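Going by numbering that gives the first Met the number 0, the sequence shown opens with residue 0, and the numbers climb by one from there.
No lab work stands behind these hints, which were simulated from the structure alone. Just to be clear, a hint being listed does not mean it is correct.
Derived Cβ-Cβ restraints for the label pairs, each shown as a range [to be verified]:
#1 3 to 45: 22 to 32 Å
#2 42 to 10: 21 to 31 Å
#3 17 to 58: 13 to 23 Å
Note that the structure is a prediction, hence the values are computed from the model and not measured. Ideal Cβ positions, reconstructed from N, Cα and C, are used throughout, including at glycine.
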Amino acid sequence: MLELLFVIGFFVMLMVTGVSLLGIIAALVVATAIMFLGGMLALMIKLLPWLLLAIAGGVGY
């Protein structure tokens, strides 16, 4: 709940300082894409040992 209030307050402050709604939406889209790619990269690094084991096991089979 507190996070939602922070986001709403941040949005209002950006609007007050003159940042357009389109700029805010564009920044939100870019940030979401970066977070998604970062999460995918972290997940890939986390699963890398298991992926290598699966590949090594598949080659020997």
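Hint by hint, which ones does this structure get wrong, listed from lowest number up?
-> Result: hint 3 breaks, nothing else.
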